[in-house]
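Colleague: Those protein sequence lines, which keep their order, are chains A and B. The opening position of the first sequence corresponds to residue 1 in the working numbering, with each subsequent residue numbered one higher. The opening position of the second sequence corresponds to residue 1 in the working numbering, with each subsequent residue numbered one higher.
Everything labelled a hint here was simulated from the structure, so no lab data went into it. Each hint should be verified, as a subset may be incorrect.
[Said to hold, decoys possible] In silico DSS-like cross-links for lysine-lysine, where the CA-CA straight-line distance does not exceed 30 Å:
id	chain 1	residue 1	chain 2	residue 2
1	B	LYS391	A	LYS418
2	A	LYS418	B	LYS27
3	B	LYS203	A	LYS355
4	A	LYS393	B	LYS203
5	B	LYS562	B	LYS118
6	B	LYS544	B	LYS482
Keep in mind that this is a model prediction, so the values were computed, not measured.
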Amino acid sequence: MAMDYLILLKQEWMIALILFVLLFIKLGKDIPNATLLPWINGLLCLNLLSGFFFNQEGMLFGEMFQTNARLVMEKNILNLALLLISMQAYDWLLAHKHLIEFYLLLLTAILGMFFMLSSGNLLMFYLGLEMSTIPVAAAVNFDLTRKQSSEAAMKMIISSAFSSCLLLLGISLVYGMSGTLLFSELPRHLSSAPLYILSFLLLFSGFGFKISAVPFHLWTADVYEGAPVSVTAFLSVVSKASVLFVLVSVLYTVFKPLADTWYNLLYLLSMVTILTGNLFAIRQNNLKRFLAFSSIAQVGFILIGVSAGTQAGMTSVIYFLLIYVFSNLAAFGVVSIIGAVADKHTIEDYRALYKSNPFLTWVLTIALFSLAGVPPTAGFFGKYFLLMAGSAKGNYGLILFASLNLVISFYYYLRIVKAMFMDPNEKPIDHIQVSWLPKLALIICLAGILAAGLANQLYTYIFSLCSGL
Amino acid sequence: MSNYSYLYWIPLLPLATFLVLGMFGRKYLSPISGMLGTLSLAGSTLISLFAANQYFFVDGKMNGVYQKITAFRFTWLTFSPNVSIDMSVIVDPISVMMLVVVTFVSLMVHVFSLGYMKGEKRFATYYAFLSLFTFSMLGLVLAGNIFQIYIFWELVGVSSFLLIGFYFEKPSAVAASKKAFIVTRFADLGFLIGILILAFYGKTLDIGVLVERLTSVQSPEYLGIAGAGFLGISVLSWGLSLVFIGGAGKSAMFPLHIWLPDAMEGPTPVSALIHAATMVVAGVYLVARLFPIFSMDVSVMHLITYVGVFSALFAAIIACTQTDIKRVLAYSTMSQIGYMMFALGISHQTGESGLGYMASMFHLFTHAFFKSLLFLGAGAVIHLVHSNDMKDMGGLRKWMPITHMAFLVGCLAISGIPPFAGFFSKEEILTAAFHNSPFVYGIALFTAGLTAFYMFRLYFSIFWKKEASHAYTHGEGTLTMKIPLVILTILAAGAGLLPFSRWVTADGISMETHTDLLFSAIPVSFTALAILLAMYWYKNENDKPARFASMAGGWYRAAHRKFYVDEIYLFVTGKILFPLVGRPIAWFDKNIVDGCMNLLATLTARFSSLIKRWQSGSVQNYALYFFGGIAALAVLFIYLWK
């Protein structure tokens, strides 16, 4: 039994261990950031690798905690994203006074996500969700000298408190009517009684808040813009991915009795979300804000995949999120490096970037191509599988709408590419010497973008993991 | 069944060369790029020969039948459990035979180019393109899936385009490369639709499975495709005809042949490789690859036969009147491919009646050697004279003895004089034609005579006729140019003696062929007469040909102008398609389509600024919208949308 606690909770133990190590270092004497950073990244790398060994299925704590091969893989994806973000943040963190705190916050959030992913009970889920939100709000405030950063943190904490209380209301309504919080028992009680639908909507709004689906998305742009780029990347990739993972499995298993309702809900929200994301993204000049809105549109596409309600739907969502990790982090990585070194943030500043920084330009271009879904980048295959899974229901109107919006999204993605390659600029950004860690991270992302689409085995592998619906 | 999975190295080696030379060639590797390309291709050639030896002599045969082996397969894309695109390598007699031909001729061309292209500014690029072409062609040959064939089919088209336009400073080269690309693309459209039809009804893209399903009369797939009709013709015929149109485009069959003569703008070794020995026979190969399905449909087989035999005759007549030596060779290529096509068209699937199939493949095999020999010889001549026109040549036999011998052997081989290679393969084709259709046999016989006539017209005009106008200062070319000529001469002389029919037949069962002296007497004597006539007219300068030309009058002019096919195309596109179809569509595009797009863009921008107010920046509003959203959704889902 004791072994179970060790092995089933392996990934959580790993994070906790790193947290304690960092805490002890913090309490000890000062070590310069330049020495510390490679070690921390090394630890995170070990953390990622450890996820590939000694995996087992099982439950703990009276069904509060469960794990299986799919959950382990999802956690691995999150670990990978964290590692990439950390590598890309190198330049920014090098000069930061509170380096260790930054990692403490993000790692705690990740730990919360792991518990949320593995939860087998609504309360456990709620705890995990909170644990993954509050530290990130603190991290949003990490540009200590910038007022905008504090404002963003304030907005985020207030909005998330608001959404949490609605979520709790939903949970208590469910409990009040069914008398249970266990995922395994809930499906037997749920029905399409009005109160259940209301409580489901309240619960869903909690998810919607985290993945910034319209109309729960309004905090996104302000927070993304105010937060340090690395934290924005974390919010838009890691937070979103973790909640989407849970959303898919919860909808497909726990809320299966309400399938008709959530199918209609997703149908509606995905359209509104894609449209809103696109319309706002078109107008943005600040790259961070732009990426925020474009990621809202991306979530809309993911919701189409979720709406399928099949094994293919779940696979396409996980597959897309893996590709999204690579593509979005490549884009954020370049933006983060240029922001940290040259302090440039708008599309106008990026004009003629190709002449001075060909490597960064190519990375950003390929990342944007992948986000837009241009073949043969992985993003194309990701979107293709999402739409194909979604179309299995025969709702071709939705697919047509999504495809039209894909075309619109080409416009704003390619606008940046055009600026970088074609537009003239009198004061271009100087050549930037990229440190080796961020460079390595960008190359990994690039390799992921190029390889993940062509390696068909990946999709088949994920498909096989999603079998137990 | 032994393991052939090493075969994928054959295309991968040139691919690697292409990537290396393409990326680093011009900057770093320019001087050694030729050697690099040649060596890597020599590797491919050795593997191909090894594979051919293993297949034909060691273990390809089971119970007396050569097996179709899928050497290697991996799934590239899975759309659903039933539909997936597999990449596979197929090993059967024709693919192994083609492997040897492609790698070998390509190797010869690589070696020849070392001398011929020396000093070119874009030397490394040239070798990169050659490698790309070789890779694509090998991929096409080995493909076990129609989708894969289509990919490589387009890739050979692209590399041919790049190589025809290699001298892109010359406007004529640019025009020729565009013409080749557009005409073949047009045909490829037919090909694509054709394979989609076959794959749709056959429910698979895999060639082996497709052939199996569409050739058994009982299978539901066959009943489906043969039963369905469109415009009174069965869908099977439609699909096969469209596939054949694709093949006809690549193989320059009438009326899609117009790109081939112009393609001679490319470097001559390229013409030898792509436009004589390998790519242009891709159409023949395609028909042979799907032959079991083709032979299910008599009407399409007739189409193939008559297109083939007409192209053979048509091109031979034009070839008699051309003065550009490469164009003569181009038309003769078209004519010889016509032979291969109609030989397939008159063939059947099994036993003795499958003679045409075997003969077609045999002719493809020998033609590759003697035609690349002729082209490389022509290359050597052009290298010396710096002109393509016969008028600038004459009396060259003294200046280039090796080329002279090589060219003579090539001419004898293509004319079908025993014991040179072309005799045996052409003999089989004529035999097959004789047993199937006297009409086809007659035309083929006449064309054989024409072939001998125009080839020897070419030969005498280049090497005899008049004395060389001036002394040439440099010799025949480098050693690297002579070696391929000598090797190919030996093959053009001797390749016909190989017992080809034991190896490559329609049903995989070896058959014995024997030369019937009585039967061969007619074509051989006819051919000999044609050669004598060419000798009488062209060995010395005289006015007999000119007198004959003026006697033939309009007929001669028409043939000289290539029967005005180009002009007809120009008329149709310039006077009919552009003004009546193109312009209205352009107008529609500019005004209606763009107008709609602009309207959409304006609307988007308006709407976008309208909802901007939403994003006010104050959290209390956000909370309001948040809650309002839930409330609205609750009303919607509880009361309205159940």
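Colleague: Next step is simple, just say for each hint if it's right about the structure.
Modeller: Hints, verified against the model:
A hinted pair counts as satisfied when its Cα atoms are at most 30 Å apart, and LYS391(B) with LYS418(A) does not qualify at roughly 54 Å. For the proposed pair LYS418(A) and LYS27(B), the alpha carbon gap of about 28 Å is at most 30 Å, so the pair holds. Restraint check for LYS203(B) and LYS355(A): the C-alpha separation of about 51 Å exceeds 30 Å, so the hint is violated. Of the supplied pair hints, the one linking LYS393(A) and LYS203(B) holds, its CA atoms being roughly 23 Å apart against a limit of 30 Å.
Between LYS562(B) and LYS118(B) the CA atoms are separated by roughly 34 Å; this puts the pair beyond 30 Å, and the hint is violated. Restraint check for LYS544(B) and LYS482(B): the C-alpha separation of about 35 Å exceeds 30 Å, so the hint is violated.
Checked against the numbered hints given earlier, the structure breaks hints 1, 3, 5, 6 and satisfies all the rest.
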